[in-house]
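Novice: Residue numbers (my numbering), protein chains in the order written: chain E, 1 to 316; chain U, 317 to 632.
The set of hints was computed from the structure by calculation and includes no laboratory data.
Take these hints with a grain of salt, some might be off.
What the hints assert, rightly or not - Simulated restraints, written as ranges between beta carbons of each label pair:
1) E23(E) to E478(U): 18 to 28 Å
2) E63(E) to E536(U): 54 to 64 Å
3) R15(E) to D563(U): 54 to 64 Å
4) A267(E) to E334(U): 53 to 63 Å
5) D576(U) to P226(E): 44 to 54 Å
6) E23(E) to P376(U): 34 to 44 Å
7) D28(E) to K602(U): 24 to 34 Å
8) S321(U) to R160(E): 55 to 65 Å
9) S152(E) to L530(U): 34 to 44 Å
10) E334(U) to E23(E): 34 to 44 Å
11) L530(U) to E63(E): 46 to 56 Å
Being a predicted model, the structure only gives us computed values, none of them experimental.
Each residue gets a CB set at the ideal place from its N, CA and C atoms; glycine is no exception.
Protein chains: 2
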Amino acid sequence: MSTNSILAPIQGELRKVEELLRESVRVDYAPLSSVFETLIGSGGKRLRPALAILSSKFHPANEDNVFTLAIATELVHAATLIHDDLIDKSSVRRGSPTISSRWSGTATVLAGDFLLARAADIAASIENFRVMKIFARTLMVICEGEIRQDFSGKHWPPNREEYYRHIESKTASLFTSSTECGAILSNCSEEEIAAMRSFGHNLGMAFQIVDDILDFTADERELGKPVGSDLRQGTFTLPVFYYIEQDPHAANISEFLSEDMDRLVNAIRTSPAIEASKTEARRFVKTAQDAIAIFPENEYKRVLINLSNYVVDRTL
Amino acid sequence: MSTNSILAPIQGELRKVEELLRESVRVDYAPLSSVFETLIGSGGKRLRPALAILSSKFHPANEDNVFTLAIATELVHAATLIHDDLIDKSSVRRGSPTISSRWSGTATVLAGDFLLARAADIAASIENFRVMKIFARTLMVICEGEIRQDFSGKHWPPNREEYYRHIESKTASLFTSSTECGAILSNCSEEEIAAMRSFGHNLGMAFQIVDDILDFTADERELGKPVGSDLRQGTFTLPVFYYIEQDPHAANISEFLSEDMDRLVNAIRTSPAIEASKTEARRFVKTAQDAIAIFPENEYKRVLINLSNYVVDRTL
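Next comes chain E alone, as it looks inside the complex (with noise of 0.2 Å):
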């Protein structure tokens, strides 16, 4: 099953994020709107937007600030995209040139500024307290780990509990804020706001768990960069952690490293450590999913559980 297939019972809304995406980042200066359009036009499944308007749906919400909510949610997803590349130095995501690799780095960094700034002006018009501070604190989280991470030397994390930690700040903290903000402006008990904050977090932590597979599973060119790209740059994730555990000879880390990389990637892809980590992705979604039984079955559930489902079977 496809997202579009998946997301069809939400598809009127979902054009209406397009929409909402697009002025939201309409400036004064002409060739920046466009800069800024481009940027993020470029078609990403808008997972977070889909989350943030599912989990609205089981109570009547006041739908603006849903929508304020979704396209909030995007653009800080955006913003850290571009930072992520700058970071990364990557030059290429989805087969396009990455901004950091067009523009100045400062360009990049005040690109990225502008869409979270930006995200935080929308947020503020949503007047809910409650949701502001979630998404103020969504923020923070997100930037401490990436300067975690940009501080702590060449190899990151060190290990796999540290790795669940920055799966959690990098991808999970801003699902959770988007399915967690959408049953506040629901009104949902508290319950079930626990209930969709834990299908967020658990859905994102799979999500990375899965994109960390397909960085050694994917086919090069879809993934429009080389195969293993995460390890040679230095950051660790589940599978090289899984390979390490399993591999008597890999256990020495600087050993490990000293192989030949082509060969260690190849090595990492063809072991049972991606079934592993696989197995690892299933499991938090299956969380997630017992996380929404109180939810009443109807339309939107069956979305979100397909959806979850979808996060550990894509191949992209």
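Fit chain U to the known structure of chain E by using the hints.
Specialist: Then chain U, alone, in the frame of chain E:
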């Protein structure tokens, strides 16, 4: 009069600001905390927190909220200084090496972003929608101004009109939000809020103009960077525009810039353009002072007046 003696009536509050600022950047990861403490602890004048506090003194206010505003404002200021140094590639600020000269570009960016996110996080606890909106909008105005500058090629701004717009977004916007939000948090009337807003705006404009004058006239050792460094980097400021207008030979910009830079800086420094710029700054200060005429004469109003006089009379 030194800022210390001018600000004596709120010296207790400013001590608390120092304490809260340090607390505000404490993070889980200890090495980072100390980095941030150095960042915000480098002893600026704390003008923006002072303005937030002073502008809230005319009616009873929730003190906690005012302190929160003061801290958030200073964090935004600290973040913009870091990003400015990166954009300008300055290696020294106030005689100390800048963050951007000691860290990688990425770390610098992220440190600035973290402070912005922390500021948003702190501001969210004020629980006043109007203040939060003004605050978020100010972040955007600052970012948009920085981007506009970065995208505008080597020489910027192109004319006096754009110069005013530039210093409004770069400096006056944060002064404005300090005083406007201080007034809002102390339940001022709409007329009083508008007056404080105008005071902050005009004071901020004067402050930046004087900064731009000092870039030509201050002692190089006190300045901690070469005289005329704005112009050397392609940034045109008010003294430059006045000089160009007064000197018929300077009217042709490309010819003007082809001159020997040391000679040019010296010519501007000793020209009537400096006094003309100062007159302009004084005009802004006068407008600021007139704006708060509606407030009763008291200790705090005297501080605001003294502070605005200090802004034009200072030598650094």
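Novice: Each of the hints needs a verdict: does it hold here or not?
Specialist: Now for the hints, and whether the structure bears them out:
| no. | hint | verdict |
| --- | --- | --- |
| 1 | E23(E) to E478(U): 18 to 28 Å | holds (26 Å) |
| 2 | E63(E) to E536(U): 54 to 64 Å | holds (60 Å) |
| 3 | R15(E) to D563(U): 54 to 64 Å | holds (58 Å) |
| 4 | A267(E) to E334(U): 53 to 63 Å | holds (54 Å) |
| 5 | D576(U) to P226(E): 44 to 54 Å | holds (50 Å) |
| 6 | E23(E) to P376(U): 34 to 44 Å | holds (41 Å) |
| 7 | D28(E) to K602(U): 24 to 34 Å | holds (29 Å) |
| 8 | S321(U) to R160(E): 55 to 65 Å | holds (57 Å) |
| 9 | S152(E) to L530(U): 34 to 44 Å | holds (40 Å) |
| 10 | E334(U) to E23(E): 34 to 44 Å | holds (42 Å) |
| 11 | L530(U) to E63(E): 46 to 56 Å | holds (52 Å) |
Hint violations for this structure: none, all hints satisfied.
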